[in-house]
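Number of protein chains: 2
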Amino acid sequence: MEALSKSKEERMINFQTSPDQYKHWKLNVAGPVATLTMDVSEDVTLGEGYKLKLNSYDLGVDIELADAIQRLRFEHPQVKAVVITSLKPRIFCAGANIYMLGTSSHAFKVNFCKFTNETRCAIEDDSRHSGRRYLAALNGTASGGGYELAIACDEIYLVDDGNSAVSLPEVPLLGVLPGTGGLTRLVDKRKVRRDRADVFSTLAEGLKGKRAKEWGLIDDYFPTSKFQESVDARVGEIVGKNGVGHASDGIKLNAVQLEVKPAGLEYKYVNLVLNREQRYADLTVRGPEGDSPTTPEEIQTLGDTYWPLQAYRELDHALLHLRVNESEIGLVCVRTEGNSDDVLAVDKTLEVNKEHWLVREIVLYMARVLRRLDLTAKSFFAIVEPGSCFAGNLLELLLASDRSYMLNNEDEQVRIAVGKLNSGALPMSNGLTRLQSRFLATPEKVGEVLAHSGAFDTEAAAEAGLITFAPDDLDWEDEVRVAIEERTSLSPDALTGMEASLRFAGPETMETKIYGRLTAWQNWIFQRPNAVGPEGALTNYGKPTQAHFDFKRT
Amino acid sequence: MEALSKSKEERMINFQTSPDQYKHWKLNVAGPVATLTMDVSEDVTLGEGYKLKLNSYDLGVDIELADAIQRLRFEHPQVKAVVITSLKPRIFCAGANIYMLGTSSHAFKVNFCKFTNETRCAIEDDSRHSGRRYLAALNGTASGGGYELAIACDEIYLVDDGNSAVSLPEVPLLGVLPGTGGLTRLVDKRKVRRDRADVFSTLAEGLKGKRAKEWGLIDDYFPTSKFQESVDARVGEIVGKNGVGHASDGIKLNAVQLEVKPAGLEYKYVNLVLNREQRYADLTVRGPEGDSPTTPEEIQTLGDTYWPLQAYRELDHALLHLRVNESEIGLVCVRTEGNSDDVLAVDKTLEVNKEHWLVREIVLYMARVLRRLDLTAKSFFAIVEPGSCFAGNLLELLLASDRSYMLNNEDEQVRIAVGKLNSGALPMSNGLTRLQSRFLATPEKVGEVLAHSGAFDTEAAAEAGLITFAPDDLDWEDEVRVAIEERTSLSPDALTGMEASLRFAGPETMETKIYGRLTAWQNWIFQRPNAVGPEGALTNYGKPTQAHFDFKRT
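Protein sequences appear in the order of chains G and L. Residues 290 to 843, numbered by my numbering, are exactly what the first sequence covers, in order. Residues 290 to 843, numbered by my numbering, are exactly what the second sequence covers, in order.
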């Protein structure tokens, strides 16, 4: 991973890569079968002071995995089965690197866990919506994050070599939780009995084939001599049966182009301006320019320059950059620029052609980027001004924001509008649309808003409950300025906890449990002296010194 | 609150009280209407170094509130409406006392929040299942925990005196969350729109009548001159309409009798032995002795000495004692002693007579105590030995435990059994029975287990998936001893987070969101320097010094 810029003291992390740059993974595609092989280079680390032994990983390794999964979806749509395995002898993956965790700041640890969780959820999203089947072929021990990667797959096969095991040793060895969704996936996804999950999660050495299968931790186990052929046979079954694949060629995902400026990042459709002194950013998304294509063939020809794909890739990149490289930015003011009708036309094209594989992938990706925004620990205010285009998919940016301010000016009307993608194509992690989340108290309003003919001017938007505030032009500047000043003066921790609570009302899913409940507990533990103090377990792991606990239960 | 004992350095907190001992509340019952009036005595505090100004509260105040609600249910079954109001001019309740929070240990803060949440949930449980309607008559400002108490009620009325407001000022003033379920109840119970909830929760001064009603924060507001009569009128409507009340006399809840020993507490049906050196406790619940009554009349005559009521009150007391007064105890080994058939006979009586008000209240209370156990941040191992009676309602103790060990001995058969109360009467916070939670992967087993005729011996119990381990008599002592040693050697924080994740698989409810998500975030914030460090907001509240934040977002 190269540094993007070193103008600040902290090293900037680059979230872009491609298979020819991978240091830790090999992506091999052979017709309908892709093999993702983990072969971590010990010395190629994102930070300093640790080695990535035993296929352990840091953020750099996971950025490659996220890239590979993304490319499978867009560049290799014919793939029906993805086998994740290891090139190291006797070890599948030892999980997140402990020395990396032990030397990382709290904020970095938390964002590292969040990103790796999003990568695992992207695997599950691919499986659920695009029908690719993921197989974890554990040709050696999978411990901690290694086993958590396996549970993100649809099927888990373990070699029975008398030695290889699956394990979640974080609690007994490190005094922290399996933080990549492990505990939640154990009881919610694989539905492992809770007392068995309790035993397994406190057993440093984990469980081997027979018991692991009996407890539901793996799907099957095979002796070393039959492992490869057994996995191949299962892959053959999937490839034979799975009808979702298609012969179409993929499109190429080229690197996202951006210009790094002292105070921000400039992309084609996204502009990020960092007001570092005031701890807020201005994030502007530009709508499509002029006529967009209307057929899948035209879209496929445009490839990654097609507006929704390019704009959302840029937005995704900007969000990751904000999270990890600009941790002191507490508030993001979201704006849009462009023509609402052009945005709505894109929505319509995407809706009409949703059965086409590329259109499906684009919409699923837009949904993932918007969920990335929902899950970003920064405040978001939508600022709706003349020239904006909060319509259709871009209206989701407003609905995802913690608040919205829409100018109320008789002389210069501002409008927002719903489109074809607001009614279900871009769900939140809790399974609801953002309109449903907004109108939990008055669910009938969802239909009314969706049935509304034409755009909403400011007063109609306020009346419909779509916006928070509608200051007139006399108050506008002051009100927005004061809101920004107030927000950025508040405790960032209290805001993070508050936003995590208020953004996800209503139903819960495995995803919201991972990002809400499990993450919050892990964040708590990541602060506790028993983990990260001088005598903590994480601090003392692998050292001759021993951890000592304050045994008070809370 | 008197100290229970001062043999340890820490002062022991006494969870027992009664109306004639109340220092902070007045409970007035007039026919079908009860009025709970808050009039906190500034100087009667549980800890030192703070005064309870403006009807702010500490744990002592909430212990009285919990007692009052419990007594309403058992001693005043004819009550149909409960009005909660204040005797202080212009202030309803200022919430949890900030100086108390600022000077409390982390463990105490967390347990304080948990207890107050359980008190609020007990109000909602009463409303939902026993049909009593709670009205918050806010004759003055309700801020923080004061407003959170109001949202736990069914209806909220605010005086419109130009001054009184409702507010959640924790984020702006203290850098922590409204920790008594406030944020969750705001968007999940009252379904306040998330952007409005965001504004409200960052607005120190809160909102007054008109806007508060418009945003759904209160149900109505009345001018000072009409406040009392308007509330009375609403109470009159409820009392007139509500058919759930009944003329029956209540039963008296006498103080739970116990003997405080150096190493534990001895009650009639519960015995708690503290192995403080080894950081675990032995908790034994004894079954009923001989024939139990079978009719409501006999039960009413026995009153609080009827086995399930007395045993569960003792268990409840022991759990609270363990949480707050024995924080270093990390593991509780749960045993039962007695005759399973006698326990099952009690279950049958409770099931047959469930329409009787007292029986209903007893079963609802048993369910609350078991939920208190589910939510206790200690590990629980059920130890099933000869002479035990893990049957029916006591089987829930085993199912609630993180693991169970059942002796497998041909010569001395041990048995467990299901009863009438295992199929729905004693739900967990997530709405499932403990059997449903156990068998999420194989829901058909719930029915099979419930339909099983007779008791399960050890092998049948293992076969049915009801227990975790079944060591034989040769291994028994070693296996249990090693399990205890291992458990108590682990990081207490990691265990707390792990148990909170594994105990509540499956669906989520407002309650599980409060205890899982919101609590975890608050616990995290309660550790952060931005709240509790020397420059933190909580530390600096009310001082001439100002809070300074590390603005890194996580």
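None of these hints come from the bench; they were simulated from the model. There could be a bad hint or two in this list.
For identical chains, the list gives no copy identity; a pair is met inside one copy or between any two copies.
[As the list claims (entries may be wrong)] Here are the simulated lysine-lysine pairs, DSS-like style, with alpha carbons at most 27 Å apart: (1) Lys832 to Lys709; (2) Lys832 to Lys541; (3) Lys515 to Lys550; (4) Lys499 to Lys643; (5) Lys515 to Lys832; (6) Lys832 to Lys502; (7) Lys499 to Lys709; (8) Lys643 to Lys734; (9) Lys499 to Lys480; (10) Lys340 to Lys499; (11) Lys557 to Lys377.
These are the hints, each one checked on the structure:
1. Lys832 to Lys709: This pair counts as neither: shortest intra-copy Cα distance 57 Å, inter-copy 54 Å.
2. Lys832 to Lys541: Classified as neither: same-chain Cα gap 46 Å, cross-chain 60 Å, threshold 27 Å.
3. Lys515 to Lys550: neither (55 Å within a copy, 62 Å between copies)
4. Lys499 to Lys643: Intra 44 Å, inter 46 Å, cutoff 27 Å: neither.
5. Lys515 to Lys832: neither (39 Å within a copy, 71 Å between copies)
6. Lys832 to Lys502: neither (34 Å within a copy, 59 Å between copies)
7. Lys499 to Lys709: This pair counts as neither: shortest intra-copy Cα distance 50 Å, inter-copy 36 Å.
8. Lys643 to Lys734: within (26 Å within a copy, 41 Å between copies)
9. Lys499 to Lys480: within (18 Å within a copy, 48 Å between copies)
10. Lys340 to Lys499: This pair counts as neither: shortest intra-copy Cα distance 33 Å, inter-copy 61 Å.
11. Lys557 to Lys377: neither (41 Å within a copy, 61 Å between copies)
When each numbered hint is compared with the structure, violations occur for hints 1, 2, 3, 4, 5, 6, 7, 10, 11.
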